[in-house]
Amino acid sequence: MSMGLPLGAALAACGTSGPTRPGATSTGGGGGGTTATYWYLSTQPQEGVRTRTMERFNKANPNGRLVGTTFQNDAFKTKIKTAIGAGQAPTLIWGWGGGGLRSYVQAGQVEDLTSWFDQNPAVKDRLFPSSFGAATIDGKIYAMPCETMQPIVLYYDKRAFEKIKAEPPQSWGDIMALVPKFNAAGIAPFSLGGQSRWTNMMWLEFLFDRIGGPEVFQAVFDAEKDAWSNPIALDALTKAQDLIKADGFIKGFSSITADSNADQALLYTGKAAMMLHGGWTYGSMSTDGGDFVSGGNLGYMNFPPVEGGKGDPSNTVGNPGQYLSISAKATPEQKEIAKKFFATELMSDESVKDWVGTGAVPIVKGADAAFGSAKDAEFLKFVYGIAVNAKTFAQSWDQALSPTAAEVLLDNISKLFQLSISPQQFATNMNAVIGK
Amino acid sequence: MSAPATSVPRGSARRGSLAWLAVPALLLFVCFGVIPLAGVLLLSFTSWDGLGDIHFAGLESWQAILADPGLPHALWVTFLVMAVSWAVQTPASILMGVFLAGSQRYRAVLAVLYFVPLLLSHAAVAITYKALLDPNFGLGPGLNLALLTQDWLGRPWLAFGVVIFVVSWQFIPFHALIYQGGVRQIPRSMYEAAELDGAGRVRKFFSITLPQLKYTIITSSTLMVVGSLTFFDLIFVLTAGGPGDATRVLALDMYKRGFQANLMGPASAIAVILVLVGLALALLLRRVGGRDASHSQLEGA
Numbered sequence: 001m002s003m004g005l006p007l008g009a010a011l012a013a014c015g016t017s018g019p020t021r022p023g024a025t026s027t028g029g030g031g032g033g034t035t036a037t038y039w040y041l042s043t044q045p046q047e048g049v050r051t052r053t054m055e056r057f058n059k060a061n062p063n064g065r066l067v068g069t070t071f072q073n074d075a076f077k078t079k080i081k082t083a084i085g086a087g088q089a090p091t092l093i094w095g096w097g098g099g100g101l102r103s104y105v106q107a108g109q110v111e112d113l114t115s116w117f118d119q120n121p122a123v124k125d126r127l128f129p130s131s132f133g134a135a136t137i138d139g140k141i142y143a144m145p146c147e148t149m150q151p152i153v154l155y156y157d158k159r160a161f162e163k164i165k166a167e168p169p170q171s172w173g174d175i176m177a178l179v180p181k182f183n184a185a186g187i188a189p190f191s192l193g194g195q196s197r198w199t200n201m202m203w204l205e206f207l208f209d210r211i212g213g214p215e216v217f218q219a220v221f222d223a224e225k226d227a228w229s230n231p232i233a234l235d236a237l238t239k240a241q242d243l244i245k246a247d248g249f250i251k252g253f254s255s256i257t258a259d260s261n262a263d264q265a266l267l268y269t270g271k272a273a274m275m276l277h278g279g280w281t282y283g284s285m286s287t288d289g290g291d292f293v294s295g296g297n298l299g300y301m302n303f304p305p306v307e308g309g310k311g312d313p314s315n316t317v318g319n320p321g322q323y324l325s326i327s328a329k330a331t332p333e334q335k336e337i338a339k340k341f342f343a344t345e346l347m348s349d350e351s352v353k354d355w356v357g358t359g360a361v362p363i364v365k366g367a368d369a370a371f372g373s374a375k376d377a378e379f380l381k382f383v384y385g386i387a388v389n390a391k392t393f394a395q396s397w398d399q400a401l402s403p404t405a406a407e408v409l410l411d412n413i414s415k416l417f418q419l420s421i422s423p424q425q426f427a428t429n430m431n432a433v434i435g436k
Numbered sequence: 001m002s003a004p005a006t007s008v009p010r011g012s013a014r015r016g017s018l019a020w021l022a023v024p025a026l027l028l029f030v031c032f033g034v035i036p037l038a039g040v041l042l043l044s045f046t047s048w049d050g051l052g053d054i055h056f057a058g059l060e061s062w063q064a065i066l067a068d069p070g071l072p073h074a075l076w077v078t079f080l081v082m083a084v085s086w087a088v089q090t091p092a093s094i095l096m097g098v099f100l101a102g103s104q105r106y107r108a109v110l111a112v113l114y115f116v117p118l119l120l121s122h123a124a125v126a127i128t129y130k131a132l133l134d135p136n137f138g139l140g141p142g143l144n145l146a147l148l149t150q151d152w153l154g155r156p157w158l159a160f161g162v163v164i165f166v167v168s169w170q171f172i173p174f175h176a177l178i179y180q181g182g183v184r185q186i187p188r189s190m191y192e193a194a195e196l197d198g199a200g201r202v203r204k205f206f207s208i209t210l211p212q213l214k215y216t217i218i219t220s221s222t223l224m225v226v227g228s229l230t231f232f233d234l235i236f237v238l239t240a241g242g243p244g245d246a247t248r249v250l251a252l253d254m255y256k257r258g259f260q261a262n263l264m265g266p267a268s269a270i271a272v273i274l275v276l277v278g279l280a281l282a283l284l285l286r287r288v289g290g291r292d293a294s295h296s297q298l299e300g301a
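Residue numbers (the numbering used here), protein chains in the order written: chain A, 1 to 436; chain B, 1 to 301.
Simulated from the structure, these hints should not be mistaken for laboratory data.
Be aware that one or more of the hints could be misleading.
Result set (DMTMM-like, lysine to aspartate or glutamate): computed pairs, CA atoms no more than 25 Å apart in a straight line [to be verified]:
1. Lys251(A) x Asp151(B)
2. Lys436(A) x Asp68(B)
3. Lys140(A) x Asp53(B)
4. Lys245(A) x Asp151(B)
5. Lys79(A) x Asp233(B)
Covered by chain A, according to a simulated footprint, are these stretches of chain B (three or more residues, beta-carbon under 8 Å) [to be verified]:
6. 45-52
7. 135-144
8. 147-156
9. 238-246
10. 249-262
Distance ranges between label pairs, derived from CB positions [stated by the list, open to error]:
11. Asp242(A) x Ala146(B): 22 to 30 Å
12. Asn431(A) x Ala282(B): 39 to 47 Å
13. Lys436(A) x Leu113(B): 48 to 56 Å
14. Ala25(B) x Gly108(A): 38 to 46 Å
Every residue, glycine too, gets a C-beta built ideally from N, C-alpha and C.
Based on the provided sequences and hints, a complete structural model is requested.
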């Protein structure tokens, strides 16, 4: 730490193309004007959209440009944290909002944008209100919601259902009834990339919601004592284990990772009949899955209700959006550039169209107007419909909680799915980190 | 340097210049060894999320870590990895080293081939094995071999076995190389004398080769044991410590706490524990091997 700072300063001092050192007066730069830095993820096709959006902004603002750097997903998570901790953050901090954003806010590293949004109601009103939840910490907005919404969707292979002559599940009971039928036909009922842990978590998110409504997890989020011991929570955890015990998931699911898209491959190769996964997998299944998507074999639906459950079946979970914050350490000029970017190009009509082209739904109200010509119009309308109709669009738990609690959560979820701990033990372990 | 006038200042001048030669190494060690270590020790008494200010927290991190059931588990897994990988690697490396010490040409060719795994990076090896062991798209289903189609990384003991196998696969060549050198240093005359006394191959191996390799075994074991404390990249990519926490060794536990859970204090405490365990092991092995591990047994020959 003590060695790192002077070294970092020295590096920043000698690099001309390197990241601009925040806090330094960066007015020079060969007549190019001030620049603000922007780090974002390098996965395609999203990277292309981000780059094009930034280039359009730079073209329109030659005197206040953005300089972008791309990172691979997991590398980014560590890198951005280290950079922020060392006071070397880029001007624009890209993220998933929620607990991660809260830790930046608590460290005083990101700008409060509440008053800016009040002054620019047009920017705010354009976006889905549900996207602001994860950007709001203690009543103040610290990030601009942007890009796309990614609810978790229940995908299924229509060919598999034809084979066993069954209909897609309309309830949890249907799911449990389908499991032995698919197993008898030699098809795994559900694909799951269990090694990635958050993949298992999506099941719990929906079970909690469908049985008890969003209040059950909200209690955890609000740090209520012993919130995980709620009988509804225990019921949901038990149901998840019931599904595992009934061989609901493909054999060896703990060896499968989501990063390699092997779980999606199981669905489009016909080895598994259904998969609960994020909206973003639609795009990769249509590129990797041959004619699986284009041939109309992919079905999708919202998670079905659980018998006797209190949760509204229109609810969904996932990523209500992505989030851009402004580093508190940036210079006033850099902050100005960033705000201009927020107000103009970030979610402009042009970039909305670009996002739609990737098979994703931008978080802009009325984005469905741009769907007409898109080749994935049907899926886009479905996702848009979920977002519009959802009473609650809850954020993924691991993003909503603090990084500390999220790590314990994922750890215990993987043990729960290994059947190495009981729902009761899960609740006890999780109660211990409530509010941390 | 000026010409020496008398013998007394000459001696001290030479000693002085020799001591000076150690400065670069010392400087590097202090900069990249001692100072970070001191930093980690300090951090272990603080609470820091890697983002905000560092607060002094006294023994809080230590209390949290020592009371956490995850620590004995991680220690136990680390110990198991260490012990089992040692027990697998040592006999295999000795046999391979003895085999490769022969001067036949085909053995020289094989030696080059055996050396290949060592040239690959841990991460690349782990990614490859992960793909090969995939229960649906890996080697087993590809070749239709039921034996190879297991939930390799999803069952605690299988995953542990895979880790040991991959570690051994990668490091046996290295230790075989050490043993090869050791075997080649054993004087021929000892074997000739034994042959005159009518000793067979097995007898020669157990009565001459193995005892003569004592210090090589200690060197190689020290490298294995202390090295196994730092297995991180391989396990991280292969199993990420899973399933559950079945392969979560200390180094992985430290990373997860520090960089995924943002708990730098407890992570630093684990780092200190790792350093202490490593030091204790190195000392223990030196003790076992006698005072001077570079001491030679050749005088008796």
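Okay, the segment 147-156 of chain B and chain A, do three or more residues pass the C-beta test at under 8 Å? Holds, because 7 residues of the segment 147-156 of chain B bring their Cβ atoms closer than 8 Å to Cβ atoms of chain A.
Are Lys436(A) and Leu113(B) spaced within 48 to 56 Å by their CB atoms? Since Lys436(A) and Leu113(B) have Cβ atoms about 52 Å apart, the given range 48 to 56 Å holds.
Run the distance test for Lys140(A) versus Asp53(B): straight-line Cα separation, threshold 25 Å. holds (22 Å)
Note whether the CB distance of Ala25(B) and Gly108(A) lies within 38 to 46 Å or breaks it. Taking Cβ atoms as reference, Ala25(B) and Gly108(A) lie about 42 Å apart, which means the hint holds.
Does the Cβ-Cβ separation between Asp242(A) and Ala146(B) fall within 22 to 30 Å? holds (28 Å)
Please check whether the segment 135-144 of chain B has three or more residues whose CB lies within less than 8 Å of a CB on chain A. Our answer is that it holds, as 3 residues pass the Cβ test (under 8 Å) against chain A, meeting three.
Taking 25 Å as the top limit, are the C-alpha atoms of Lys436(A) and Asp68(B) close enough? Since the Cα atoms of Lys436(A) and Asp68(B) sit roughly 15 Å apart, the hinted pair holds (cutoff 25 Å).
Can you confirm whether the C-alpha distance between Lys245(A) and Asp151(B) stays at or below 25 Å? holds (16 Å)
Determine whether the Cβ-Cβ distance between Asn431(A) and Ala282(B) falls within the hinted range of 39 to 47 Å. 41 Å Cβ-Cβ, so the 39 to 47 Å window holds.
Would the pair Lys79(A) and Asp233(B) pass a check requiring their Cα atoms to be no farther apart than 25 Å? Since the Cα atoms of Lys79(A) and Asp233(B) sit roughly 17 Å apart, the hinted pair holds (cutoff 25 Å).
Coverage assertion for the segment 45-52 of chain B with respect to chain A, Cβ distance below 8 Å, three residues required: holds (count 4)
Check of the segment 249-262 of chain B against chain A for coverage (Cβ-Cβ below 8 Å, three residues minimum): holds (count 6)
Comparing the model with each earlier hint shows no violations; every hint is respected.
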